[in-house]
Amino acid sequence: MKRLISQYLFLILGGAIIILGMVFAGINFLNHNPMNDRVVLSAPGTKEVFLSSGKYNLFYEFDSKQLNLGVLQLKKEEKFNNITNLVTVKLSKVSDNKEIMLAKDSSMNFTFNDIRGESLYSFEIVEEGDYGVEISPTIELPKMATFSIVGDLANSLLGVFKQAGIVVSMSIPFLLIGWYMYAREARRKKYLAR
Numbered sequence: 047m048k049r050l051i052s053q054y055l056f057l058i059l060g061g062a063i064i065i066l067g068m069v070f071a072g073i074n075f076l077n078h079n080p081m082n083d084r085v086v087l088s089a090p091g092t093k094e095v096f097l098s099s100g101k102y103n104l105f106y107e108f109d110s111k112q113l114n115l116g117v118l119q120l121k122k123e124e125k126f127n128n129i130t131n132l133v134t135v136k137l138s139k140v141s142d143n144k145e146i147m148l149a150k151d152s153s154m155n156f157t158f159n160d161i162r163g164e165s166l167y168s169f170e171i172v173e174e175g176d177y178g179v180e181i182s183p184t185i186e187l188p189k190m191a192t193f194s195i196v197g198d199l200a201n202s203l204l205g206v207f208k209q210a211g212i213v214v215s216m217s218i219p220f221l222l223i224g225w226y227m228y229a230r231e232a233r234r235k236k237y238l239a240r
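Sequential numbering of the sequence shown, starting at 47, is according to the working numbering.
I should point out that these hints are in silico values taken from the structure, not numbers from a laboratory.
Treat the hints loosely; a few may be bogus.
Said to hold, decoys possible - Straight line, CA to CA, 20 Å or less: simulated DMTMM-like cross-link-like pairs of lysine to aspartate or glutamate:
#1 K136 <-> E124
#2 K136 <-> D109
#3 K111 <-> E170
#4 K144 <-> E174
#5 K125 <-> E170
#6 K144 <-> E170
#7 K125 <-> D151
#8 K101 <-> D160
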């Protein structure tokens with residue numbers, strides 16, 4: 047039994063480090079997920095929000111339902127095409143009315159329940175505080191459009207991958223020692239079987 051434990055101990059430790067590390071990274075992401083703190087806005091409308099320093103994205107949100115009928119999958123989306131041409135967005139600091147520059151950015155999407163979000167703009171807040179967001183349609187929209195401000199989602203996901211990489215690199219010595227111990231014991235058994 048002692049020999050069996052020494053043969054597999056380091057492999058088990060390496061595997062346990064990987065599993066516990068991945069679980070910890072997943073829980074950490076769920077607790078610090080920027081989607082939990084997203085600010086929902088409607089157009090036309092003005093809203094005052096508190097933003098901490100950091101990078102943000104402004105997303106256009108719309109209903110996106112997917113029906114799975116076995117062989118056939120249907121997708122129903124209720125959205126405006128070219129929404130950036132239909133609305134203007136102004137973001138400014140409340141205290142001094144200084145406008146924050148918005149950069150067009152369509153690199154990110156998210157799906158949250160039956161809501162889909164497409165990134166329209168990205169911006170960076172240098173000084174935390176209260177900011178006014180004004181979304182005005184350039185033409186009369188047949189229905190209200192929904193938008194949201196989400197913290198740096200890409201950086202949060204990158205943080206999860208960094209944590210996973212650290213965990214895997216921590217487990218490599220244990221896995222190598224475990225592989226060596228397993229191979230040594232297997233060679234010994236093969237030698238004794240002759």
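Going through the hints against the structure:
1. K136 <-> E124: 25 Å, violated
2. K136 <-> D109: With a Cα-Cα distance of about 24 Å, the restraint between K136 and D109 is violated, given a limit of 20 Å.
3. K111 <-> E170: 32 Å, violated
4. K144 <-> E174: 13 Å, holds
5. K125 <-> E170: Not OK: K125 and E170 at ~27 Å, beyond 20 Å, violated.
6. K144 <-> E170: 13 Å, holds
7. K125 <-> D151: Status holds; Cα separation ~18 Å.
8. K101 <-> D160: 25 Å, violated
In this structure, the earlier hints numbered 1, 2, 3, 5 and 8 are contradicted, and the remaining ones agree with it.
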